[in-house]
Structures are given as C-alpha cells and as structure tokens.
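Using the sequences provided together with the hints, build the complete structure.
Keeping their order, the protein sequence lines are chains A and B.
Residue numbering for the first sequence is 34 to 142, as defined by our numbering.
Residue numbering for the second sequence is 62 to 179, as defined by our numbering.
Hints were generated in silico from the structure; no laboratory data involved.
Cβ atoms here follow ideal geometry from the backbone N, Cα and C, with glycine treated the same way.
Careful: at least some of the hints might be erroneous.
[Unchecked claim] Listed next, the in silico DSBU-like pairs over lysine-lysine satisfying Cα-Cα at most 35 Å (straight line):
1. K144(B) to K85(A)
2. K102(A) to K36(A)
3. K118(B) to K85(A)
4. K102(A) to K144(B)
5. K118(B) to K139(B)
6. K139(B) to K102(A)
7. K85(A) to K102(A)
8. K36(A) to K85(A)
9. K144(B) to K118(B)
10. K85(A) to K103(B)
11. K103(B) to K102(A)
12. K102(A) to K118(B)
13. K103(B) to K139(B)
14. K103(B) to K118(B)
15. K139(B) to K85(A)
16. K103(B) to K144(B)
[To be verified] Over 10 Å on every C-beta distance to chain A, these chain B residues come out as not near it, computed from the model:
17. N135
18. D147
19. M150
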Amino acid sequence: DAKTTQPPSMDCAEGRAANLPCNHSTISGNEYVYWYRQIHSQGPQYIIHGLKNNETNEMASLIITEDRKSSTLILPHATLRDTAVYYCIVIRTGNQFYFGTGTSLTVIP
Amino acid sequence: EPEVTQTPSHQVTQMGQEVILRCVPISNHLYFYWYRQILGQKVEFLVSFYNNEISEKSEIFDDQFSVERPDGSNFTLKIRSTKLEDSAMYFCATGVAGLAGRYQETQYFGPGTRLLVL
Chain A
34 DAKTTQPPSM DCAEGRAANL PCNHSTISGN EYVYWYRQIH SQGPQYIIHG LKNNETNEMA
94 SLIITEDRKS STLILPHATL RDTAVYYCIV IRTGNQFYFG TGTSLTVIP
Chain B
62 EPEVTQTPSH QVTQMGQEVI LRCVPISNHL YFYWYRQILG QKVEFLVSFY NNEISEKSEI
122 FDDQFSVERP DGSNFTLKIR STKLEDSAMY FCATGVAGLA GRYQETQYFG PGTRLLVL
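Set out below in structure tokens:
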C-alpha cells in the first residue's frame, strides 16, 4: 500500500474550515484514500473515503487531486469536538489499514 | 446508528494469565479485524478474519494470539499467556462486504478494551 505523508499538527479557529492535507505520491490506480480520526484514546472513527472523485458527506469533504497524488480533508465548520488526530490511509481492497502518526488537529475557541 | 461494541472496557491481569477480549460486530458485517495501540504509539494491525478463517495477520500476531467467532455473533481475541508488553488498547473493527474489486470494505471500530498486564 502507498505511503502517506501528513503534517504532524495543525491549529484551526472554531467555526472556520479545517483543511488537512495528505500526500500519497506513490498511490496506484486501485488504491482508495481513507480518512479516520481518533479522539483521545477512543476507537478510530471513519470519516470519508474516495477513489478518484471528490466526495462529501455529513462530516466532511474529500478533495483528491486529478493525478491522485494528494488529497485534502475539509471540515467545513470546525468545532471543539473536532480536536483529534486525523489519519489519511491509502489502501487496496481487502488489505488491513496501516495507521501512521496522522495530523493532530487542535480547534481553538 | 449501529455500533461495534467491545467488552470488557478495561482488563487488568497478571503476567502469564490468559485473557479473552470480546467484540460484537455490526449485524450484517462479515469482515472482522483486531488492532492494538500501545500508549502513545500508532494503531497497529493484528489480524483480519473472514468466512471463519484468518485472512491476514501481522508479525505481532504470534502463537500466543488466537481469534474465533464461537457463536456466530461475538468475535474474540485470546491472548494465551500475557506479557507485560501486551499492555495496550485493543480495538475490534468490522466491515461489510463490498462488491469485489469495486468497493473497499470500510472498517468501523469499537471503543476498545484497555488491557493492563502486571
């Protein structure tokens, strides 16, 4: 599975959009981009995933570049409860998830 | 919204003892996973289970570990003789079967069991 690179930490003002980048320059055509988050020591929480097209759900939007070498997770209106570690994972069908160190997002009041 | 549940939430055991961690998957899910997270470290894959057999396992999942789905509902992780280094959060994850080759099986994680080996 392709390796991902994320900034170790980011801050975001409450109510503003949080844009979390992820580089996955070695991604191959059949690999999906997944985003999870982990609040404190809770179980990782699924956020969103995509293959080629941009995706949106009730939690977030996922923007994947045309060459698929990077993506951005957007939390449109960050709240204090969005403070968490966010993981970008690239995976082929059926493989286990490899969690890196992720991005620690702090939402500031 | 359906959730993965895990019991117990906390377990304290003596080194060398056996422990069984239990997971109740979301009802229509057919793929099962165990992960662990040592305090302050990454979430690590242990094993995946499908159709009553292990699909993949990591180097961590040695002979001390076993998994089973004894009654068709619960999914268990057994550690036969616990070591100090087995102290960690253990997460169960489950996934629904997607259309092969087209959809990924999104994994939904439980809240975890915190295991402390003394």
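Verification of the hints:
1. K144(B) to K85(A): This hinted pair is violated, its Cα atoms lying about 44 Å apart.
2. K102(A) to K36(A): With Cα atoms ~11 Å apart, K102(A) and K36(A) stay inside 35 Å; holds.
3. K118(B) to K85(A): holds (29 Å)
4. K102(A) to K144(B): violated (41 Å)
5. K118(B) to K139(B): Between K118(B) and K139(B) the Cα gap is close to 14 Å, so the pair holds against 35 Å.
6. K139(B) to K102(A): violated (40 Å)
7. K85(A) to K102(A): Given that 35 Å is the threshold and the Cα spacing comes to 10 Å, the pair holds.
8. K36(A) to K85(A): Given that 35 Å is the threshold and the Cα spacing comes to 17 Å, the pair holds.
9. K144(B) to K118(B): Given that 35 Å is the threshold and the Cα spacing comes to 19 Å, the pair holds.
10. K85(A) to K103(B): holds (27 Å)
11. K103(B) to K102(A): holds (23 Å)
12. K102(A) to K118(B): Satisfied, since the Cα-Cα distance of roughly 28 Å is no more than 35 Å.
13. K103(B) to K139(B): Holds - the C-alpha atoms of K139(B) and K103(B) are around 21 Å apart, at most 35 Å.
14. K103(B) to K118(B): holds (17 Å)
15. K139(B) to K85(A): Cα-Cα ~39 Å, so violated.
16. K103(B) to K144(B): holds (19 Å)
17. N135: The claim holds: N135(B) sits with its nearest Cβ about 17 Å from chain A, beyond 10 Å.
18. D147: Given a closest Cβ separation of 17 Å, the condition holds.
19. M150: Given that some Cβ of chain A is not farther than 10 Å from that of M150(B), nearest at about 6 Å, it is violated.
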